Each structure stands twice: as C-alpha cells, then as structure tokens.
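Asks: First to last, the sequence lines map onto chains A and B.
Under numbering that gives the first Met the number 0, the first residue of the first sequence carries the number 0, and numbering increases by one thereafter.
Under numbering that gives the first Met the number 0, the first residue of the second sequence carries the number 0, and numbering increases by one thereafter.
Think of the hints as simulated: they come from the structure by calculation, not from any bench.
Bear in mind that the values here come from a model prediction, so they are computed numbers and not experimental data.
Treat the hints with care, since some could be wrong.
[Stated by the list, open to error] Some chain B residues near chain A, calculated using beta-carbon distances under 7 angstroms:
no.	residue
1	A50
2	G84
3	P201
4	T203
5	R205
6	G325
7	V348
8	H349
9	A388
[Stated by the list, open to error] In the SDA-like style, the derived pairs of lysine to any residue whose C-alpha atoms are separated by at most 20 angstroms in a straight line are:
no.	chain 1	residue 1	chain 2	residue 2
10	A	K24	B	A350
11	A	K361	B	R392
12	B	K24	A	S86
13	B	K24	B	A128
14	A	K59	B	T331
15	A	K125	A	E89
16	B	K361	A	I393
17	B	K361	A	R392
18	B	K59	B	K24
19	A	K361	B	K24
20	B	K59	A	T331
21	A	K24	A	D122
The C-beta atom is built at its ideal place from N, Cα and C for all residues, glycine as well.
Number of protein chains: 2
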Amino acid sequence: MVERIEGGVTAPEGFTAAGVACGIKASGLDLALLVATPAARAAGIFTTNLAVAAPVVVTKEHLRRSEGRTKAVVVNSGCANACTGPSGLEVARSMADATAQIVGCPPEQVLVSSTGVIGAPLDAAKIKAGVDSAARSLGRDQHTAAAEAIMTTDPWAKETAVRADTPAGSFHVGGMAKGAGMIEPNMATMLAFLTTDAEIEPETLRRALREAADPTFNAITVDGETSTNDMVLLLAGGGSGVRIDDEHYPRFVEALHAVCHELALGIVRGGEGASKLVSIHVTGAASVDDAQQAAKAMANSPLVKTAVHGEDPNWGRLVAVAGRAGVAFDQTRARVFVGAMELFGHEIVHADREPEAAAHLKQKEVTLTVDLGTGGTASFTAWTCDFSAEYVRINADYRT
Amino acid sequence: MVERIEGGVTAPEGFTAAGVACGIKASGLDLALLVATPAARAAGIFTTNLAVAAPVVVTKEHLRRSEGRTKAVVVNSGCANACTGPSGLEVARSMADATAQIVGCPPEQVLVSSTGVIGAPLDAAKIKAGVDSAARSLGRDQHTAAAEAIMTTDPWAKETAVRADTPAGSFHVGGMAKGAGMIEPNMATMLAFLTTDAEIEPETLRRALREAADPTFNAITVDGETSTNDMVLLLAGGGSGVRIDDEHYPRFVEALHAVCHELALGIVRGGEGASKLVSIHVTGAASVDDAQQAAKAMANSPLVKTAVHGEDPNWGRLVAVAGRAGVAFDQTRARVFVGAMELFGHEIVHADREPEAAAHLKQKEVTLTVDLGTGGTASFTAWTCDFSAEYVRINADYRT
Numbered sequence: 000m001v002e003r004i005e006g007g008v009t010a011p012e013g014f015t016a017a018g019v020a021c022g023i024k025a026s027g028l029d030l031a032l033l034v035a036t037p038a039a040r041a042a043g044i045f046t047t048n049l050a051v052a053a054p055v056v057v058t059k060e061h062l063r064r065s066e067g068r069t070k071a072v073v074v075n076s077g078c079a080n081a082c083t084g085p086s087g088l089e090v091a092r093s094m095a096d097a098t099a100q101i102v103g104c105p106p107e108q109v110l111v112s113s114t115g116v117i118g119a120p121l122d123a124a125k126i127k128a129g130v131d132s133a134a135r136s137l138g139r140d141q142h143t144a145a146a147e148a149i150m151t152t153d154p155w156a157k158e159t160a161v162r163a164d165t166p167a168g169s170f171h172v173g174g175m176a177k178g179a180g181m182i183e184p185n186m187a188t189m190l191a192f193l194t195t196d197a198e199i200e201p202e203t204l205r206r207a208l209r210e211a212a213d214p215t216f217n218a219i220t221v222d223g224e225t226s227t228n229d230m231v232l233l234l235a236g237g238g239s240g241v242r243i244d245d246e247h248y249p250r251f252v253e254a255l256h257a258v259c260h261e262l263a264l265g266i267v268r269g270g271e272g273a274s275k276l277v278s279i280h281v282t283g284a285a286s287v288d289d290a291q292q293a294a295k296a297m298a299n300s301p302l303v304k305t306a307v308h309g310e311d312p313n314w315g316r317l318v319a320v321a322g323r324a325g326v327a328f329d330q331t332r333a334r335v336f337v338g339a340m341e342l343f344g345h346e347i348v349h350a351d352r353e354p355e356a357a358a359h360l361k362q363k364e365v366t367l368t369v370d371l372g373t374g375g376t377a378s379f380t381a382w383t384c385d386f387s388a389e390y391v392r393i394n395a396d397y398r399t
Numbered sequence: 000m001v002e003r004i005e006g007g008v009t010a011p012e013g014f015t016a017a018g019v020a021c022g023i024k025a026s027g028l029d030l031a032l033l034v035a036t037p038a039a040r041a042a043g044i045f046t047t048n049l050a051v052a053a054p055v056v057v058t059k060e061h062l063r064r065s066e067g068r069t070k071a072v073v074v075n076s077g078c079a080n081a082c083t084g085p086s087g088l089e090v091a092r093s094m095a096d097a098t099a100q101i102v103g104c105p106p107e108q109v110l111v112s113s114t115g116v117i118g119a120p121l122d123a124a125k126i127k128a129g130v131d132s133a134a135r136s137l138g139r140d141q142h143t144a145a146a147e148a149i150m151t152t153d154p155w156a157k158e159t160a161v162r163a164d165t166p167a168g169s170f171h172v173g174g175m176a177k178g179a180g181m182i183e184p185n186m187a188t189m190l191a192f193l194t195t196d197a198e199i200e201p202e203t204l205r206r207a208l209r210e211a212a213d214p215t216f217n218a219i220t221v222d223g224e225t226s227t228n229d230m231v232l233l234l235a236g237g238g239s240g241v242r243i244d245d246e247h248y249p250r251f252v253e254a255l256h257a258v259c260h261e262l263a264l265g266i267v268r269g270g271e272g273a274s275k276l277v278s279i280h281v282t283g284a285a286s287v288d289d290a291q292q293a294a295k296a297m298a299n300s301p302l303v304k305t306a307v308h309g310e311d312p313n314w315g316r317l318v319a320v321a322g323r324a325g326v327a328f329d330q331t332r333a334r335v336f337v338g339a340m341e342l343f344g345h346e347i348v349h350a351d352r353e354p355e356a357a358a359h360l361k362q363k364e365v366t367l368t369v370d371l372g373t374g375g376t377a378s379f380t381a382w383t384c385d386f387s388a389e390y391v392r393i394n395a396d397y398r399t
C-alpha cells in the first residue's frame, strides 16, 4: 500500500533540510540545503538542452566521480549560473566546496543546482554565507523552507511525501519541485529533488527514476520551453532498512511515481499565469510515440491553451493540431471529447452538446480527449495549463 | 526594375474583383470574388495539415481537372468549412458551381477558399446570394473591398502590387492576403491570392511560386499553428503581352518575391495582438535547414516573444532556444545580438550594452541575431511578432 503522508524531502529517515535567504533574490528565501546522514545513493536526469548551465555540468561530473554517492544537495534560486563561461563553472565548484567543507565530505559528494535569470554572474560570497547559514538551520522540520527557497516565479511551494508498506516493513519517498516557466516534456525539464529511506542499488535506482519520470515530469508542459538548468535528483539513504529487491521493486516505483505525479501536476497547476489544470488524453494512435507527440503538440498549442482559458469548447483547434502534429491521423474517423461530451466524431458535429462542454471547461481541472481515428490502440496523457494574459505579463516583465 | 505601385489583385491587366457582405459574419464584408478575363493559368500551394478543409480539397481537384486553367476565385471569411464532412464538400462544390454559372465557365475553372471558425456549417444559400451580389459589383477599382472581405481577426486589409520593366515591355504582379492567427512557417500557412499579367507556362509558374513563397510566406510565424484551410494561389493572365522566358524569369521571380515579401510581413505586422515586427536572423549554422529550424524555434518561443513584448533584451532566452532547437550549436562560440549590439559572445556577457539594446527593442521593427557558433556559414531569416496579452484575449474570446 502507498499512502500519502505529511511532509516533503525530510519525510524519509536520514534527511535534514534548510531554506535560507542569502541575498541573491531581492527578497525571500533563495538557498536550499538537503543533507543525507549517512551519505545516500543518488541518480539524476538532466536537461537535454545543448546550452547547459554550469551547475548541471558540475553535478553530472560529481555523480560520476563519486560513483553516485551523495551527502548533500545545495540549490539556489534567483540566478541560473548559465551562459557564464569558465568563471560560472568556478562558482558552481566553489558552491560544492563550501558545502562539502561544512557538512564534512569530499566535494564530489555535493550536488549543486541553480535556477533563475540566465547570463547573470552568481555571487560566490553570497552562496558561501548562505551555505553557512543553512547548515546552522538544518532540521527535519525545515522541508517547507527548502521547498520555498528553490522557487522563482512559482506561486507556491511544491512538496509531497508517501509511505509505502511492504511485508519487510515500511519505507518513505519525499520530494520537492520548482516549475512555473520553461517547462516542456523533454526529459528533466524543471528542478525536482526526491528522497527515500529505501535501500536500493544504483542501477535499480536509475531505472526506477526513469520509469517514474517518463509519465510524470516528462508528460507535462507549461510553455514548450526546455531550460538550461533542469534536473531531477533522487537520493536513497536506506534508513528504513527496507531493501528494494525484485519483489519490492514494483512497490518502490509505485511510491516514487505517486510523488513524481503529484509534484509534476503541482508544477502545471502553478504554471505561470495558469488558472486551470488541463489533461490531454490522446487515444486511437498508431503507436505510443505518436500518441505522445500529438498530446504534446496539443498541450503546447497557444490556440488550444487560450481556448481553454476562455472556457470555449473550440474542438476544431484540437483537430487542427492533430492534423499538423506529424503523426498518423484520419479526419474521417477522428473523435474529440471535452470532458465526457463527444463534440465531433466521424465527421459529425454535435453542436447541441457545446453548452455542457462549456460547463465542464468552467472547472479548475478539465479533460480533453482526442481519438486520432487510426484504428490503433496506443494512448498517452499529457498535462498542461491554460494560457493567460498573466503568462504574458510575467514573462514580459520577468527581469524588471 | 521592379517598382511598387498602388493597388492590389487588379493592378495586373485582365483582373476584376469584388468584396461584398453576404451575412456569414455578423457584420462586415465576407465574400470576395476575383475574375480573370480571359481565364488565367493558375498554380497553388496548400496546407500541409492532414485535417484538410473542404475548399482545399475542391480547389486541388479543380486545378487538376482544369489543368491549371482558372476563370475565377471565390473566397469567404467567417466560416472555414472545415471538419464538415461530406456535406461540407457539397457546399464547397456548390460555391464553385454558383460562381461558374454567373461568370460563365466550367465549374473546375473556379477555385474556392474559406477561412474562419472550424466545424460550423457553411450556408450555401448565403454564398449563392453573395456570389450574385459580388458578380454585379466586379470592378478593377474593387481590389481593397476584396482584400477586406477575406479578413477574420486581421486588423487591416493587406494588398500590394508592383510593376516590372523588361526590354520586352512591362508586366505587373498584385496580391492580397489574410493572416492574423494559425500562422506557422510550414508551406502555405495563410490565404494569399496573387495575380499577374505576365504570360507564363504552368510548370514555370509553379516553380516561381515555390521560389517566392519559401523565403516569405514560409519564413513567417505568428503562433506556430498550421491551419486546415491555408492556400496561396497565383493566377497569370498574360494581358501584358510579356512572355516569361528564361531571360525574363529572374525578373518575374523578383517581382513575385517583392509582392510575397510585403504581404508576408504584413501578415506578421497584423498578427493577433502584435505590436512589433521581429526579424530573427540565424547565422553560423551548419546548414540552411539547421538555420531555418533554429530561427523558427526562436520565432515560435513564447519566452522570446514575451521578452520582445516587454522590450527586455533577455538574450539568455535566445541561447536557451538555440540549445533545444535540435540543431548543431556550440555555446562556447555562440553570439547573440539585439539590433547591432552584441550582448553575449564566446561566453562573455556584455551587460553594459543592455540599455542600448533595450532602446532598440522600443522600436516597432526589431532585429535579433543569433550565431550558432558552429563555424558553418549557413543562415536564415524568420519573421514573427511579439506575444501580447491581446493575443490571449483575441483567442480566448474568438467565438464569443
């Protein structure tokens, strides 16, 4: 059984966290520290963007050099330390060094992460002071402060935790994430930090993370953008004493999936300017890849997202996207549902059902379903938010 | 020499036009008629969307059956006649039949086109009455009425004309277009109707149209959407007596390009909610395909388009798009210019130049240049508009 519990990254045994203000942002918490006692196994998924930020380079390097052994994760918001050249790499390394010194481990056992404006230099002195202050604030009750410290334009902190019961005992999985903008379903596309007190081999840990991330973090989009800084890290401490063998693996993935699912949907709910969570379900596809490609195209379509914002069941825009998505599609057999109402199917328009469909769109969580009409049975669900004038305002004024 | 002249589709000899109101839209002109005397040679480029509207199906069929001989083009706005099944095809055919009857030609010499809401039935009786009324209004001075009648959310009518001089005499090219939304650089992606009084073979006509459309209509984007209805038609009447042989072909393409360029940029300037025309110039690419793909990715990026709207020289967003565009890219040698100011290059940030770059962005026409840093010399220019809260308002409320 997997049950939702209170808490975040410190819900599993063996983890403490802190969130402090060190002056990188004009105001608010901007540095989070997560410490594993003892050091944990770690696995990561990273941005696919070729413009890769310094902290991503350093964290990948440290994961390799430490063979996936991690004592601490340090994250700042307000500055991405991206497009900062060799000096940016130096600052990212000094961020790990300062943390390693204070928590007492080799530098490669510290993973670093940054989010915020691209191209601005990250102030190493502020980071060092922040790490000192965070180390003094570490506590199992500081998980929400940590989740707040990694926010940029996020409207609220995103954290969650679950307890999973097995015949061998219980283990926990917790997590925190930041999202808001530059979110697109193409591998790690935001920051998420996950913890567990299950005991698990590195190879199995990586496999489980990939399995849980694909239908969650990789199925969401806010604006189709992939950031230079995105990463998902999973730390397994082993404090519960529950060893994840073949028998317990499905339960572990189930627990991890539950945490990733809630954080991923939280990112979409808190998307820049978002007022609705939109599930886009594509069925009748020739392959899962086709279903995913079509679902993502719809989830990123400004015309679909503005129609949802306007609570207008303009199903024609979904058909238009299906037709241009580059996948097998048969307009004579395609069907479009808004909520449970079929508005178009087999070339017949059900205009009389539009009022009911419009009523569905007035809710905070809405579902759009498109059957591609190929006769295939593959499907995929993507999640996105509506597109509002507020998104434009946030992103036009981001740096001012 | 190619010189801009007053007028639109009737500037070339042998064409008359009309624009009337037939009640498909709640108010305003909504039916345009273009007649060639004598019948013209015609070539077309059509939407690549697999969800293809009835008028596109019928027009392609008529071009084939008539072997590219066209007497009239009839266009309505307010209803796309898309996703309307067999009955929609019947209406599109009846639209051609009614026009053929009144202008006196076989039905396959009439091309039809529609734009507006998807999924609503097109009223054949209104179209017939509109065609009757338009036929009575035909005139060489009615080109602007025709250009107005094809508008949907366009803020103004788009038409232009040129005169080209050759040793064998002068010929003319004219055109009108509609754009506004669902505009993406992927073959014919809006409606454009072009005329010329040059005399030209069908095969050469098609080649010239493709050559002129690729760097113009296929290089613009408003929102990355491809419509179900898009087409570009070019009618060559021969009234000038100038025959386009190999010698005159470059001049013909030059004249056609001038008309397409002005109409294409007009579509972007009049993009939904647009306040700025943005030229995105990608250089240093490994291939023209790479340059085009990167330029289009930037032109469709909501983060780039909102930054321009906010007049914020946030060059980091251009680097982030370059890195995710799926093309060869070297972040250590990449360069980004806003106007003439290099803000980032070879990993060095020129923050002191931002005020000058911000001043450039305050203009109505702005230029962004990204060198991908591959050492290659291929380049491509795409055009887009900024992304405003007004775009959201237009598309959230489109059907209400």
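Asks: The structure should be examined with respect to each hint, and the outcome stated for every one.
Replies: Outcome of the hint check:
With its C-beta approaching chain A no nearer than about 3 angstroms, A50 (chain B) sits inside the 7 angstroms limit, and its interface hint holds. With 7 angstroms as the threshold, the beta carbon of G84 (chain B) comes within range of chain A, its nearest partner Cβ sitting at about 3 angstroms, so the hint holds. Violation of the interface hint for P201 (chain B) is found here, the shortest Cβ-Cβ separation to chain A being roughly 29 angstroms, above the 7 angstroms cut-off. For T203 (chain B), the suggested interface contact is broken, since its CB lies about 30 angstroms from the closest CB of chain A, more than 7 angstroms.
Proximity of R205 (chain B) to chain A is violated relative to the hint, the smallest CB-CB distance being about 23 angstroms (cut-off 7 angstroms). Interface restraint check for G325 (chain B): the shortest CB-CB distance to chain A comes to about 9 angstroms, outside 7 angstroms, so the restraint is violated. Of the supplied interface hints, the one on V348 (chain B) holds, with its beta-carbon coming within about 5 angstroms of a beta-carbon of chain A, less than 7 angstroms. Because the beta carbon of H349 (chain B) sits about 10 angstroms from the nearest beta carbon in chain A, more than 7 angstroms, this interface hint is broken.
Here the hint on A388 (chain B) is kept, as its CB sits about 4 angstroms from the closest CB of chain A, short of 7 angstroms. Among the hinted pairs, K24 (chain A) with A350 (chain B) is consistent with the structure: their alpha-carbon atoms are about 18 angstroms apart, no more than 20 angstroms. A threshold of 20 angstroms between alpha carbons decides the hint, and for K361 (chain A) with R392 (chain B) the separation of about 17 angstroms falls inside it, so the pair holds. For the proposed pair K24 (chain B) and S86 (chain A), the alpha carbon gap of about 60 angstroms is over 20 angstroms, so the pair is violated.
Distance check on the hinted pair: K24 (chain B) and A128 (chain B) sit about 14 angstroms apart at the alpha-carbon level, within 20 angstroms; holds. As the CA atoms of K59 (chain A) and T331 (chain B) are separated by approximately 19 angstroms, the hinted pair is consistent with the 20 angstroms bound. Among the hinted pairs, K125 (chain A) with E89 (chain A) is consistent with the structure: their alpha-carbon atoms are about 14 angstroms apart, no more than 20 angstroms. Annotation: proposed proximity of K361 (chain B) to I393 (chain A) holds, straight-line Cα distance about 19 angstroms (limit 20 angstroms).
Distance restraint check for K361 (chain B) and R392 (chain A): the Cα-Cα separation of roughly 17 angstroms lies within the 20 angstroms cut-off, and the hinted pair is therefore satisfied. Between K59 (chain B) and K24 (chain B) the alpha-carbon distance is near 26 angstroms, which puts this suggested pair outside the 20 angstroms criterion. For a cut-off of 20 angstroms, the pair hint linking K361 (chain A) to K24 (chain B) is broken: about 27 angstroms separates their Cα positions. Annotation: proposed proximity of K59 (chain B) to T331 (chain A) holds, straight-line Cα distance about 19 angstroms (limit 20 angstroms).
The suggested pairing of K24 (chain A) with D122 (chain A) holds, with an alpha-carbon distance near 11 angstroms, which does not exceed 20 angstroms.
In the structure shown, a violation is registered for the earlier hints numbered 3, 4, 5, 6, 8, 12, 18, 19, in ascending order.
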